[in-house]
Amino acid sequence: MAAEPTAHELLRKHRPTLDQALEAIRTRAYWSPHPEHPKAYGENGSLDAAAGKAAFDALLGNRLDLADQPGIDDWVGGEVSPYGIELGVTYPHPDIDVLLPAMRAGQRAWRDAGPELRAVVCLEILKRISDRTHQFAHAVMHTSGQAFMMAFQAGGPHAQDRGLEAVAYAYAEQVRTPEQAEWTKPQGKRDPLVLTKRFTAVPRGIGLVIGCNTFPTWNGYPGLFASLATGNAVLVKPHPRAVLPLALTVRIARDVLAEAGFDPNLVALAAERPGEGIAKTLALRPEIKIIDYTGSTAFGDWLETNAHQAQVYTEKAGVNTVIVHSTDDYQGMLSNLAFSLSLYSGQMCTTPQNLLIPRDGIATDQGHKSFDEVTADLARAVDGLLGDDARANALLGAIVNPDVKARLESAAGLGEVALASREVAHPEFPGAVVRTPVIVKLDGAKPDDEAAYMSECFGPVSFAVAVDSAADAVELLRRTVREKGAMTVGAYTTDAATEQAVEEACLEEAAQLSLNLTGGVYVNQTAAFSDFHGSGGNPAANAALTDSAFVANRFRMVEVRREA
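6 is the number of the first residue of the sequence shown in the numbering used here; add one for each residue after it.
Just so you know, these hints were derived from the structure itself, not from any lab. Since the structure is predicted, the reported quantities are computational estimates derived from the model, not experimental observations. Each hint can be trusted.
Distance windows between CB atoms, simulated:
(1) Ala-425 / Val-526: 22 to 30 angstroms
(2) Val-81 / Leu-200: 50 to 58 angstroms
(3) Asp-117 / Asn-558: 15 to 23 angstroms
(4) Val-563 / Val-81: 37 to 45 angstroms
(5) Leu-512 / Arg-181: 21 to 29 angstroms
(6) Gly-193 / Arg-113: 42 to 50 angstroms
(7) Ala-554 / Asp-306: 14 to 22 angstroms
Below are the DSS-like pairs computed for lysine-lysine, each with C-alpha atoms no more than 25 angstroms apart in a straight line:
(8) Lys-44 / Lys-18
(9) Lys-190 / Lys-202
(10) Lys-44 / Lys-58
(11) Lys-374 / Lys-451
Positions of the beta carbon are idealized from the N, C-alpha and C atoms, including for glycine.
Sequences are here, hints too, so could you generate the full structure?
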């Protein structure tokens, strides 16, 4: 076919990277093909810092053209950066009765391309996204409120890693079954029964990716690339406050698909009018067979309950817990926790919320520390980390929306404040809302306090919860994960029995655990190809990023058998 030379070139170019990704998910060792440092870009077609910023600026106030996408009936927009500037970008609004049939039209050729070619086309999409990492960094920064360096890394290479990881898992699962088999059954004195069997990975249909405000690419890419690599068309419905990063992704994907000889409508964008709620409409369409969603528990539960025609993957809310029982590196523990509580103003699904501390205090390498001393020392550690406004802005970013700001301001009334939040002025963006974290002391034995710490308070809010003992801490941890879910759990202890009890609780409740982190790895960070994000085994999420279960049900194996 006409695309064959392009296919050969893509295989030559990207098969080595695919092989390395397959090896990485097998060994779980560190690996990434996407540079984390901004200075690594600017050669071999990639944009350097100045070109990336110029490319972002050129988007502002203009239409993001997807003029060849079918069914455009309007142009919509309205994003305002958490840093206080209006983006002014407009996007095509779809007539879904026109768009969805057009998306299905290209699936046969995409299915017949096979797992390997689909995988390397996906890798070419990721490579072109990587080349524009500097542009994406500004797009993520000004839609999510992340500080630039975090937007660059989490919205760029780390998101690209997660997309590649999904492609690797998708490929591995599809080729687990051979394409063809010769089947011979002996029949004694009679001739054997002989069949030729052919097996094809068949896509479910159209996948719907419902994007989130805080991590549009990091949370969006796993589902997008898992569905695309398994032969499905993908409709991307961004969060209305964070359209730009995913719209750029869709534009690049459409370009690559067309150049490789496939229908560009295999990937399309569904931007919405203010208050339209198009996600609910799309989620119930019979053409939508897969849904990937990150966001509130309420809507995630609604999808799981109502979108019966689709395989639904959700990452919802949880209450993340850290048990502080004892430590042989008190300063290291405080520094690690201070960073974890401060990063991106706590606006991460993995940020610790509840710090369970024995009311009689903890043993440390600096002697016994009372509950009040631990909370006061942690408050000083956060203050020290964020005392310089320049450093504070670089770590905190901006508050993503008014709801987070309201929760932060009301948290001080829930108990005794160990660390008060303060405003931080941003020298470049005076309209940015930047706030340091608040830490509130609560009593785990008081029913009135339980209502606060047993609910997710998304944002820069943490609770230091006094408990009677290590055993009580483990039991509260277990109950919290079982009832509310958790994306992450942390624990600090030098006691082997306590460590074993925490580990057993996390194994039984399916929660990802980090023990005694005191260095440069934090409980709210996960590395693609090695760490699982979520487990799918507690109420916080029904899937993990990324494992075999995340990809295997996006396609079915269909067999055609013939007599030989």
